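Participant: The listed protein sequences derive, respectively, from chains H and F.
Take 2 as the starting number for the first sequence in the working numbering and just add one per residue.
Take 2 as the starting number for the second sequence in the working numbering and just add one per residue.
These are calculated hints, taken from the structure and not from any lab test.
Incorrect hints may have been included.
As the list claims (entries may be wrong) - Facing chain F, from chain H, some residues (calculated, C-beta under 10 Å):
1. E38
2. S42
3. M46
Source: prediction; values computed, not measured.
Where is the CB? At the ideal position from N, CA and C, for every residue including glycine.
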Amino acid sequence: MARRLEIALAVGIVSLMAAGASQAGDRAAELTALVREDCGSCHGMTLKGGLGAPLLPADLAEKDASSLAAIILDGVPGTPMPPWRGLVSEADARWIAEHLKQGFPQ
Amino acid sequence: MNRRAFLTAGVSVGLAGPAMAAGAGEACAPMRGTGDLGLIIERATGSVLIVDVGAHKTLSRIEGLGDLSHATAVFGPSERYAYVFGRDGGLTKVDMLACRIEKRVIQAGNAIGGAISDDGALIVASNYTPGGIKVFDANDLGELASVPAIGANGKPSKTVGLVDLPGRRFAYALYDADEIWIADFSAGMSPALTKFTNVGRLPYDANVTSDARHYLAGLFGEDGFAHVDLWADKPEVTRVVSGYNAGREKLPIYKMPHLEGWGQSGSTLVLPAAGQHEVLLLNLETMREEARIPAHSQPVFCVARPDGREVWINFAHPHNNTVQVLDVFTRKIVHTFQPGPAVLHLEFTPRGHEVWISVRDADRIDIYDVRTRTKKAEIAGVKPSGIFFTARAHRLGA
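Next comes chain H alone, as it looks inside the complex (with noise of 0.2 Å):
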């Protein structure tokens, strides 16, 4: 499976997904695992923080979506929070912010 999803981020499959925040099952169990895995490696797989912020549904309602969206793709200067853009498409990204706040999937 993650070996899946990193060919389908390797060749770009991604940009071809359809816009807004909804998700076909494959990807979002592939963007689910990036979230818990990679993501986690600063934010904790649990996403209770680490080196990068806490990203629970608590942390994060203040923010709303878009902007969280913009975060995930652009990074934040200076800090250790990397650009995800070409890693993932806006509508992973948006996906990815709506989820945070629900409270991420397991």
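Position chain F relative to chain H; hints supplied.
Facilitator: The following block gives chain F in isolation, referenced to the frame of chain H:
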């Protein structure tokens, strides 16, 4: 290994079959030494594998250690007890002979790693929330001291890069305060603190050379390392290997580089660049940069073969299926291979005949012959990450 064999192996771990009688206090081996035991973190399931390194075999799977993403372990001097530091602030003492949890405490909200004093008496945890370090009795994990990390900026800081130094001392860096501290517990549990300020922006990890002389903290907010010569009468901080991003685009870093297990090779230290697909060679005699070697991607761990001639390197997402071997003597990458999806960690056997590689997304640990660089065995594990062999018990700063 073919797919069916892999699945079978995976299942036997999942069910903890009879060969791995887990938990409940029964000895996993009737009578044995501990010098060839290892502990492997299964990050997602909060479990660890106790492995027989010589036999390439899992002896036991121990569960109930909490959130083990980014977990590390240290060993007591008898090589019987492992102390596992979890992300959720859990500190667990594991009896590797009885294959069970001896004691477990939740010592902080969010932790990053730990160390053990040279006499084996003190376990120290390094924390994110709240920041600072805490000291525990190695026997019963009773808390002995808590040292907040309030920097000169008045803010509590995450602590990173914690290492032990001779004489019940510990060095660590303050990520949010740009400082390095040395805490000396030789006279009791109210430590004498030596503080270095303005060491450079956002120290993210650090390590010390095996002679306890050079402490280096990697900086994230600038391209360089903060260096303290601990042998000096009056140690001070200097900046070394700085400016490696100058005039070049700093590439995004999808996983922080680590200095744990770094590649010390004689008088050369092999360091991961932050923001370049390179490793940086530092000469420890001159403290000058010797070379920059282009690598496959953003390096994460640069681990020296125990004799030092080679350094094996793994990489950040999304190029983390690859490992490269640098010959430090000729300064050439001599081998590149793909163990599998998401290579998270590497550990050499104490004298370097094998290297064990955790391949997270394949749910296995691969065992390579180091001379021939061929795979000779594998062990199943659920999302394995850190691999720790007991020989670390007798390595300074490890």
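Participant: Going through the numbered hints above, which ones does this structure break? Give me the numbers in ascending order.
Facilitator: Structure breaks no hint.
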